[in-house]
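Let's have the full structure, built from the sequences with the hints guiding it.
Line by line, the protein sequences give chains A and B.
Numbering follows full-length UniProt numbering, with no gaps: position 269 of the first sequence is 269.
Numbering follows full-length UniProt numbering, with no gaps: position 305 of the second sequence is 305.
FYI, nobody ran anything at the bench for these hints, they're computed from the structure.
Honestly, I wouldn't trust all of these hints.
Repeated chains share a single entry, so a pair holds when one copy, or any two copies, can fit it.
Result set (DSSO-like, lysine-lysine): computed pairs, CA atoms no more than 27 Å apart in a straight line [to be verified]:
{"hint": "1", "residue 1": "K10", "residue 2": "K120"}
{"hint": "2", "residue 1": "K241", "residue 2": "K205"}
{"hint": "3", "residue 1": "K120", "residue 2": "K3"}
{"hint": "4", "residue 1": "K163", "residue 2": "K10"}
{"hint": "5", "residue 1": "K249", "residue 2": "K267"}
Number of protein chains: 2
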Amino acid sequence: MGKSNLDLVKECDRFPYYADDPAFYTAHMRNYHAFRVNGCDANLGYILNSVVKKLELPANSWAIDADNRTVTLMTDPDATPEQRSELIAETLAQAVKQDTFEILRGWRNEKYPVYAPGGKFLLEMERSATPLFGVVSYGVHSTCYVNDDNGLRIWVPRRSKTKQTYPGMLDNSVAGGMSTDEHPGECLVREAMEEASLPEDVVRKNSTAVGCVTYFYVRGAQAGGETDLLQPEVEYVYDIKLSADVVPKPCDSEVEQFYLMTVDEVKAALANGEFKPNCSVVLIDFFLRHGILTPENEPNFLDIISRIHRRLEFPTASHFEGTNASDSKQ
Amino acid sequence: MGKSNLDLVKECDRFPYYADDPAFYTAHMRNYHAFRVNGCDANLGYILNSVVKKLELPANSWAIDADNRTVTLMTDPDATPEQRSELIAETLAQAVKQDTFEILRGWRNEKYPVYAPGGKFLLEMERSATPLFGVVSYGVHSTCYVNDDNGLRIWVPRRSKTKQTYPGMLDNSVAGGMSTDEHPGECLVREAMEEASLPEDVVRKNSTAVGCVTYFYVRGAQAGGETDLLQPEVEYVYDIKLSADVVPKPCDSEVEQFYLMTVDEVKAALANGEFKPNCSVVLIDFFLRHGILTPENEPNFLDIISRIHRRLEFPTASHFEGTNASDSKQ
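This is the structure we're talking about:
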């Protein structure tokens, strides 16, 4: 018996739901402090109590409220994103120096953004540190597929065996994390070249924005570093329909090889646990939108759809390119 | 200024979220009793306290627990769905006789199902009574569209001016509620003929199951009958791609006329509040899946997507046609 689609979804969406058991949820929340920023009326993430204990949080920059279980960055309410980010960077530099957290040994030198309500850019922090604060991270995932007389087939890469995370596992055709200042459409174009050697014009012509998946991941041993750290995630999803003569090829060292797999082959690999966990969710979403999983053939149709579009309890990004949102990112 | 897409979503998804304000949510829940069935360990809906007060609930069939705010149908734990449905029908017949509720004046003579955890069929009740118990209701909504050299256009019907609910408003191409024993695919075929004169072979050949939308509606004055009744809903969603020579035509008396509207015309009608509320949500979902609404042009992209796939806190249906689920429906 392989894994069901709901099993795969539950491997990603692991944080409990209040409505399933209010008493359990309330008790569970005592394991965390809410991460907050002075002047911003929202929880931005949940920090494990064990992390709060180990982090050195100088009293001139941080306030810990043990009763309400909050950890607040005490910058001026009118501070700039740069000022907030600088204090976070100092705190993390100290943790790296003292080798406090295994997860920071995987330092990426990439900055990930944190947003205030309304999608306003609040601060940025080193990518590998985001699970320590339990803040939302963002990425782009896309499925390249061919649909011709030979049926629907999907381009599936295998991750390099030397990759830091999930080495050798199957992946989505094009996928990657979004750094500060990047927009989903740009990120897609960049990653499609870096990971699949697909030129910008091919991507722009053949890709369709088809929504997003969201889920609340809790890191297990497979993810590396400390376990039980929180990683709520948003993945913007794109379909890229290619003609059979366009062949994605590895470009950087992250991908080993691409396979053109039938739907049945992808289903078998999913059930077999061969895909990186969050890539399973993106493929299940693809199957749901393309009539491959239906109410009549997927026993957990409704539960799957709501869990992979989870409403996260933190402010999330807006990448709107109209006047208000782009102003807020300056 | 017209309505934003998020405004339209909020008109459907109106019940509060725990995470937005735990104290408010907890206080708000004191307005309801949970509807339960003896032997089934789940809340099946929320009944307004004012409804509990007015309903005659004979003590040999019902147990009211004022402390825990539950109303429980006291059938034997091993009762059949027929036995449970019979007691509900008796209670409702009494309410109709005494004209206790305005909403029951719109008696439909259609039975709607209620499911136990795992999607098991538990009981059925008259359609117009479901908001009194706040149980989940199910329907099928589909968008018929043409996408050719003239661009993407959508078939939009106007509801008959004599229809009981939302007369004269714009609607989804094909939409309708699902009675007990009906499966989404069958319901689509039936409604497509009844509402749009589309033959079964055309529907089967051109339709794609593309997921569902779910939201937690709270009835306002526009819905008719008592206000503040709860109506959590699941709509199974289908796209039907038609060639330009296939023209939907009204068949029964529910639809007045079909228009073939451009995307911009649909957007304008949405902003103008011309669509029946839950039809807006289905069109927004269509726009999100077809690259019309993107992270860059929709400021509330993430909030919209998670709210229209809300995880309902009640057991929901499984229409799986494998062995286990269809057994449970017998």
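Hints, verified against the model:
no.: 1; hint: K10 x K120; in the structure: between (30 Å within a copy, 21 Å between copies)
no.: 2; hint: K241 x K205; in the structure: both (9 Å within a copy, 21 Å between copies)
no.: 3; hint: K120 x K3; in the structure: between (39 Å within a copy, 22 Å between copies)
no.: 4; hint: K163 x K10; in the structure: within (24 Å within a copy, 43 Å between copies)
no.: 5; hint: K249 x K267; in the structure: within (23 Å within a copy, 40 Å between copies)
Hint compliance for this structure: every hint is met.
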